[in-house]
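Residue 11 is where the sequence shown starts when you use our numbering, and the numbers rise one by one after that.
Keep in mind that a hint or two might mislead.
[Said to hold, decoys possible] Pairs of lysine-lysine, DSBU-like flavour, derived with a Cα cap of 30 Å: (1) 329 - 297; (2) 359 - 332; (3) 146 - 329.
Honestly, the hints are just simulated from the structure, not real lab data.
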Amino acid sequence: MECKHVGFIGSGAWGTGLAQALARGGHFVQLYSHDRNVVDAINNSHENTKYLPGYHLSDKVTASDDIAEVADGNEYLFLASPSLYLINNVKHILNVPAIAHGRAKIGVLTKGFIPAEDGPRLIVETVENLLPESYKQNVVYVAGPSHAEEVAMGKLTGLIAACENPKNSIDFRDLLRVPGLMVYSSFDVVGAQVCAAVKNVIAIVYGCLDAVAEHSDIFGDNSESLLLAAGLNEIQTLGFAMGATHAETFTSISGVGDLDVSCKSKWGRNRRFGHEIIQTDLLSKIKNLDDLIEHISDLGYLPEGVIACKYVHEIAEKKNLKLVICDGLYRILNREIDPEDFLTELLMKG
Numbered sequence: 011m012e013c014k015h016v017g018f019i020g021s022g023a024w025g026t027g028l029a030q031a032l033a034r035g036g037h038f039v040q041l042y043s044h045d046r047n048v049v050d051a052i053n054n055s056h057e058n059t060k061y062l063p064g065y066h067l068s069d070k071v072t073a074s075d076d077i078a079e080v081a082d083g084n085e086y087l088f089l090a091s092p093s094l095y096l097i098n099n100v101k102h103i104l105n106v107p108a109i110a111h112g113r114a115k116i117g118v119l120t121k122g123f124i125p126a127e128d129g130p131r132l133i134v135e136t137v138e139n140l141l142p143e144s145y146k147q148n149v150v151y152v153a154g155p156s157h158a159e160e161v162a163m164g165k166l167t168g169l170i171a172a173c174e175n176p177k178n179s180i181d182f183r184d185l186l187r188v189p190g191l192m193v194y195s196s197f198d199v200v201g202a203q204v205c206a207a208v209k210n211v212i213a214i215v216y217g218c219l220d221a222v223a224e225h226s227d228i229f230g231d232n233s234e235s236l237l238l239a240a241g242l243n244e245i246q247t248l249g250f251a252m253g254a255t256h257a258e259t260f261t262s263i264s265g266v267g268d269l270d271v272s273c274k275s276k277w278g279r280n281r282r283f284g285h286e287i288i289q290t291d292l293l294s295k296i297k298n299l300d301d302l303i304e305h306i307s308d309l310g311y312l313p314e315g316v317i318a319c320k321y322v323h324e325i326a327e328k329k330n331l332k333l334v335i336c337d338g339l340y341r342i343l344n345r346e347i348d349p350e351d352f353l354t355e356l357l358m359k360g
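Based on the provided sequences and hints, a complete structural model is requested.
Now the structure itself:
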C-alpha cells in the first residue's frame, strides 16, 4: 500500500484515534491543535494527554499549532473540529494554496449542524459553500460506530465514506482501509450526516433511561430497546425530511450501528451526560439549553448531542415533524420538564 500524508484540522479524541489507525497502516499523519500543550505532548511523549490519554501514538503521528502548515502539507485533509469551532477553522485555511487550488482531498469527521440565517444546515453543505467551487459535491463525510478509544487500540470498526462523487468516496474508502478498519462507500451524504448528528441526541435520553433503570421496577433492558428503536425511527424521519436518499443508510452501520454503540458503549460521552443528568442532578446548575451550551466546556468533555438537540428542535419545527424523543430532550435541557417524568410519559403512555 502506498503511504499517504494525511492532515487533521482538530486534535480531539476521534481525530486522534483515527490518526493512530492511519499511522498503523503506514501513513504519515499530522494533527493541528491550537493548544501548544497538546502539540508538545503528541510530539514529545507520543500521547494526546488532553483528549485521548493513555494511548501511545505512533511515531508517524505528529502535531503542529500552525493550521496553514497542516492544511497545505498533506494530500488528504480531515476536518475534525467540534461543530462549534468548525467554520472558524475552515475560514482560516481558505487561502492556503492546497485548498485554494483544490489539491487537497477533504473529508469531514465533525458531527452536528451549523446555524445559518435560514435555519440549521448540515456540515458538508456548509463547508462546501465556504470552500472553492472545485469542492462542490466532492467533500467526503466519514462516520460510523467508532469510539476513538477502540479505533486507537485497533479493535475492528466499520465506517462509511459518503460522497456525491463516487471516485472521492472510493479514494477515502481505500485510504481508510487499514488494519482494524472496514470501510464502505455511500452516496447518501445527507442520510449519513443526520444519523451521525441525531444519534447523539437519542444517546443522551438513553443515558438518562439507563441511569433510572438501575433502580427502577418499571424500566429495564426491554425498555431501553424500545427507546432505541423509537429513536432510530425519529432519525430516519428527520433524515428523509432533509433529503436522505437511501433507506439502507438507517439500517446499516451508519444508522442503527452508530446509534447502538452511542447508546450502549462505556466510551459514549452523550450516554455519560445522560447518566449524569440523573445521577448528579447536573441540570440544576444551568438556567436553560442556551446557558448549558455557553458553559459546555465546564463539563470537561463534549456531548455533541446537547448542541445538536437545539438544531434538531429548530428543524423539526420548521418542517412540522413530530420527533417526541428529540423534543423531550430539548424540553429537559431547557429546564421545562423533569427527565424522569418525561421518560415515564414517553414509555408508558406511548
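Broken hints, by number: Structure breaks no hint.
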